[in-house]
Amino acid sequence: MILKFVAIHRKKVIVLPLLVVLLFVLDFYHYATSPVNRLPGVKTIEIPKGSGFLRITKILDEAGLVRNRPYFWVLALGKKTTQHIRAGEYELGSNLSPTEILDKLVRGEIRGYYVTLPEDITVSEVAQRLAAYKLINEQGFMTLATDRTFLDSLGVEGNSVEGYLYPDTYLLDRSMATEEIIRMIVRRFWKKVTPDLRQRAEEIGLTLTEWVTLASLIGKESGNSDEKALISAVFHNRLKLGMKLQSDPTTVYQLEPAGAPIKTVRKEDLRSATPHNTYRINGLPPSPIANPGIDSLRAALYPADVKYLYFVAKNDGSHQFSSSFEAHNRAVLKYQINRQKK
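So the sequence shown is residues 112 to 453, counted in my numbering.
Just so you know, the hints here were simulated from the structure itself, not pulled from any lab data.
Keep in mind that a hint or two might mislead.
Within a straight-line C-alpha distance of at most 30 Å, the following computed DSBU-like cross-link-like pairs (lysine-lysine) qualify [what the hints assert, rightly or not]:
1. Lys169 with Lys190
2. Lys245 with Lys154
3. Lys191 with Lys215
4. Lys302 with Lys245
5. Lys154 with Lys215
6. Lys445 with Lys418
7. Lys418 with Lys355
8. Lys215 with Lys245
9. Lys190 with Lys154
10. Lys351 with Lys445
11. Lys445 with Lys425
12. Lys169 with Lys191
13. Lys191 with Lys160
14. Lys215 with Lys190
15. Lys160 with Lys245
Label-pair restraints from in silico Cβ distances [said to hold, decoys possible]:
16. Arg259 with Tyr390: 23 to 31 Å
17. Asn270 with Val417: 33 to 41 Å
18. Lys303 with Pro146: 45 to 53 Å
19. Asn440 with Arg298: 45 to 53 Å
20. Leu165 with Glu268: 47 to 55 Å
21. Tyr390 with Val417: 21 to 29 Å
22. Glu290 with Gly223: 15 to 23 Å
Note that the coordinates shown come from a computational prediction; the quantities given were computed from them, not determined experimentally.
The beta-carbon is built from N, C-alpha and C at its ideal position, and this holds for glycine as well.
Could you put together the complete structure from these sequences and hints?
Next comes the structure, spelled out in structure tokens:
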């Protein structure tokens, strides 16, 4: 009888711990594979660079994405993921399991932002757009934009990235450093500026800086692709004759407060003593006044075969072109002065 009791007791001693372990395993498995919250919803979290796993766990827990910290730690240690989580901004569904959440963090499925940089905006406007998405610090961006060492690493000859921030749509995320973002955008410029185009610039006597500068003037003067070659011809013809370019957008370039471009050129602006004012200086400005697109870059190299020397806005998005000063004055009278009197 005693031996039978001892045998039963031993079985209990063995079975109970095994039962506890089994219950733990089942509970842990259920935790690891079940949604942290069955209610639909998406949580946006930010994991700062240099965050340790304990801090990451706290961030997730405060967002309601952990539910059981000890279990979460065990899961992460078992998956050997504690040192492999990438910093950045994440959108995580509440219906994800802890295992799925860890997998996303390790894969670095960071929230991306599609940012479109329109043609012919300035470097300060680019900085403002990126800052609006909280992708960069605006002041830090502008400092890098004129940093000589950084510009050399980009292959930029001038004193600024102005002209080299190619207008396009970019997929960016908040884990990217400002240097990385600028490099990506400038890399797109170099991809578009093919060897054939650079050779054409040399053939017509333009340096890279002069080419991009001329393209930036063309872009600022008109967004109409059909007119760009005509505007290019006016500038090329004036340069050949030694005439001042008298391009209105150049008169306000350095007068623009950051991110607030001047839309209307006043008479006093034409007399502004800035290095880019083509009403005062001869030839091209010393550097680009905006970031041109491929149509403007091509137009700068392939001007239309016309003798135009003047153009005036017709207030419908197009321009009237003239070969003589007299014809230009008649166009100004028709499209500007008479219109203002109405």
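Against the structure, the hints come out as follows:
For the given pair, Lys169 sits about 19 Å from Lys190 by alpha-carbon distance, which is consistent with the 30 Å threshold. Using a Cα cut-off of 30 Å, the hinted pair Lys245 and Lys154 holds, with the two alpha carbons roughly 18 Å apart. The suggested pairing of Lys191 with Lys215 holds, with an alpha-carbon distance near 14 Å, which does not exceed 30 Å. Between Lys302 and Lys245 the alpha-carbon distance is near 27 Å, which keeps this suggested pair within the 30 Å criterion.
Between Lys154 and Lys215 the CA atoms are separated by roughly 13 Å; this keeps the pair inside 30 Å, and the hint holds. Between Lys445 and Lys418 the alpha-carbon distance is near 21 Å, which keeps this suggested pair within the 30 Å criterion. With a C-alpha separation of about 16 Å, the suggested pairing of Lys418 with Lys355 holds against the 30 Å cut-off. For a cut-off of 30 Å, the pair hint linking Lys215 to Lys245 stands: about 22 Å separates their Cα positions.
Using a Cα cut-off of 30 Å, the hinted pair Lys190 and Lys154 holds, with the two alpha carbons roughly 23 Å apart. Restraint check for Lys351 and Lys445: the C-alpha separation of about 28 Å stays at or below 30 Å, so the hint holds. Simply put, Lys445 and Lys425 have alpha-carbon atoms about 9 Å apart, close enough for the 30 Å limit, and the pair holds. About 18 Å separates the Cα atoms of Lys169 and Lys191, which keeps this hinted pair within 30 Å; it holds.
For the suggested pair Lys191 and Lys160, the alpha carbons sit about 19 Å apart, so the restraint of at most 30 Å is met. A hinted pair counts as satisfied when its Cα atoms are at most 30 Å apart, and Lys215 with Lys190 qualifies at roughly 13 Å. Restraint check: the Cα-Cα separation between Lys160 and Lys245 comes to about 15 Å, which is no more than 30 Å; the hinted pair holds. Range check, Arg259 to Tyr390: Cβ separation about 30 Å, and the 23 to 31 Å hint holds.
For the pair Asn270 and Val417, the supplied restraint of 33 to 41 Å holds, since their beta-carbon distance comes to about 34 Å. The beta-carbon spacing between Lys303 and Pro146, approximately 46 Å, falls within the hinted interval of 45 to 53 Å. Between Asn440 and Arg298, the C-beta spacing of about 46 Å keeps the proposed range 45 to 53 Å intact. Between Leu165 and Glu268 the C-beta distance comes to about 48 Å, which sits within the given range of 47 to 55 Å.
For the pair Tyr390 and Val417, the beta carbons lie near 23 Å from each other, so the given range of 21 to 29 Å is met. Evaluation of the 15 to 23 Å hint for Glu290 and Gly223 yields a pass: the beta carbon distance comes to about 18 Å.
This entry satisfies every hint, going by the numbered hints stated previously.
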